[in-house]
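A.B. asks: What follows is the residue order along each chain.
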Amino acid sequence: MTASAKLSVIGSSAPPALAARGPGPMIEIAGLNKIYRTREGRNIEALKDLNFGIADGEFVTVVGPSGCGKSTLLKILAGTLRRSSGSVRIRQRPIDGPSRDVGVVFQAPVLLPWRTVLENVLVPIEIQGLSMKEYEPRARDYLKLVGLEGFENKYPNELSGGMQQRVGISRGLVHEPAFLLMDEPFGALDAMTRETMNLELLRIWSQSRKTVMLVTHSIPEAVFLADRVIVMSPRPGRITEILEVDLPRPRTLEMINSERFGGYVSAIRRHFHSLGLDA
Amino acid sequence: MNTATIDTAVPDDDPAAERPALAWLGPRPELPLSALLFIVVVGGWELAVRLLQVTPLLLPAPSAVAVALWEGIRNNTFTHHLGVTFYETMAGFVLGAGLGLVLGAVIAQFPLVERTLYPYVVAFQTIPKVAIAPLFVIWFGYGMASKIVITATIAFFPVLANTVVGLRSVPADQLELLQAFTASRWQVFRMARIPHALPFVFVGLDVSIVLSVIGAIVGEFVGAQAGLGYLILQRTFSMDTAGMFAILILLSAMGLGLHWVVRWTERRVVFWAEAEHERISGA
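Sequence lines, in order, name chains A and B.
Okay, so the first sequence: first residue is 1 according to my numbering, each after it adds one.
Okay, so the second sequence: first residue is 1 according to my numbering, each after it adds one.
There may be inaccurate statements among the hints.
Claimed, not checked - DEER-style ranges, computed between Cβ atoms: (1) Pro137(A) with Thr116(B): 46 to 56 Å; (2) Ser169(B) with Asp141(A): 26 to 36 Å; (3) Pro111(B) with Arg100(A): 44 to 54 Å; (4) Thr252(A) with Pro111(B): 33 to 43 Å; (5) Trp272(B) with Thr252(A): 34 to 44 Å; (6) Leu175(B) with Arg100(A): 41 to 51 Å; (7) Arg209(A) with Gln125(B): 54 to 64 Å; (8) Ser184(B) with Ser87(A): 22 to 32 Å; (9) Pro111(B) with Arg209(A): 56 to 66 Å.
Since the hints were derived computationally from the structure, they do not count as laboratory data.
Idealized CB from N, CA, C, for every residue including glycine.
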């Protein structure tokens, strides 16, 4: 049996089925719309009628070609962008701005060059007025978890791109957010570092039990990491598929060569192809 | 035979291509070259004055300037006047730069303030400070106060302009990241805007400190009882050209010294920035 048999087109307004992983939904998104107004006064539908939920502890990836609104969706969830209509709830609470329950990791590491690695990781703690002393051991733990033990007092410009991104991941986790948002966190890394980072991310996720939503334009990466892959397509940005990835955990790099993995990837590719898109 | 073949087949890289020009002058060939340039120019000047018998009123020989400088230092003529000019320069600089920093921060944070106030600031900047210097002397007298105010008006703008630009130089993704971590406006200002502004601010301070020396001298030219500018005027009237040159050397040394203090501080404060290309401080 190939994975494509599991594919089913989910009607854009149909209520989403939640994967039963945690005790309840972490994120609930209903009827979410985002309309940008261009300078000429035209309206662009960046997101159209998004409905889905993410269970507590679930790893969800969002994949789609550029312009499908996946970054817009992530920014709305991060609270740095206003939605046009619809509702977004994190743990039943509607969000209308940045939330302490959320950690973010961007494509670029975006570290502050005048702060050491440890001080960079502690940025969210400082912002949220938490005790730096209390969280410093945790920051060190996360740095250890991402393999940066011994680099705590280095400055970002002394680190490679991959190491800087690990600092960014530690920073996204240090304040123990319930929900981690990642926007193509490994997009700027070379293929080999990217594979390593994917494995490390899964290891960190399995140890920290956070809910993760990761945006990517790499279909294999989306499948490799996810419990569920949310497939989006552009003009207007909407969800056209939600694919459950039924691969055992922990995931290994060997799985990439398996028939089932290939089935998921080609199913998504075919789906984009049928929409006239090349992802 | 075999070796010879290899030698011809793989010729050594031309070592001259790897080596910087004039490597025999040591690792920093510019140092001996600068010294050479100094000797040639000063020596040529000395020689020309002596051979052509130029009157010292027009152009004194370097040796005469050196004597005048030494005399002035030895009999303490310079100490007092240098102290006055230095004080005016520093007080004006601190006042002007401080005002530039504060107003720059306010303008950068509040666009309405910028739209309301900035046109006037720019309009004020277009007035040549030399032209309003006599007015300040009328208002603040012949003492140091008028020189300090003139210096402050000159030192003010470079710091203001650079502060505004610097505080706005924070990359968008850094702002977004801090906001996503629920940073308040003040936290963004403190954690990102100020550090990002520092390299710009130091460019402004560097320009300002050099302009401040000019400001103090301009003020003293308009009307003063002490200071190196006052001393230059005095020596003009007594036709002591060598003495004037000696003061110019002092002024240049003071400007250079202050410039290096700023640069030294910058390298320590903005330690994370790449070694900036040498900047021309203008004026």
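A.B. asks: Kindly indicate which numbered hints from before are broken by the structure, ordering the numbers from low to high.
C.D. replies: 3, 4, 6 and 9
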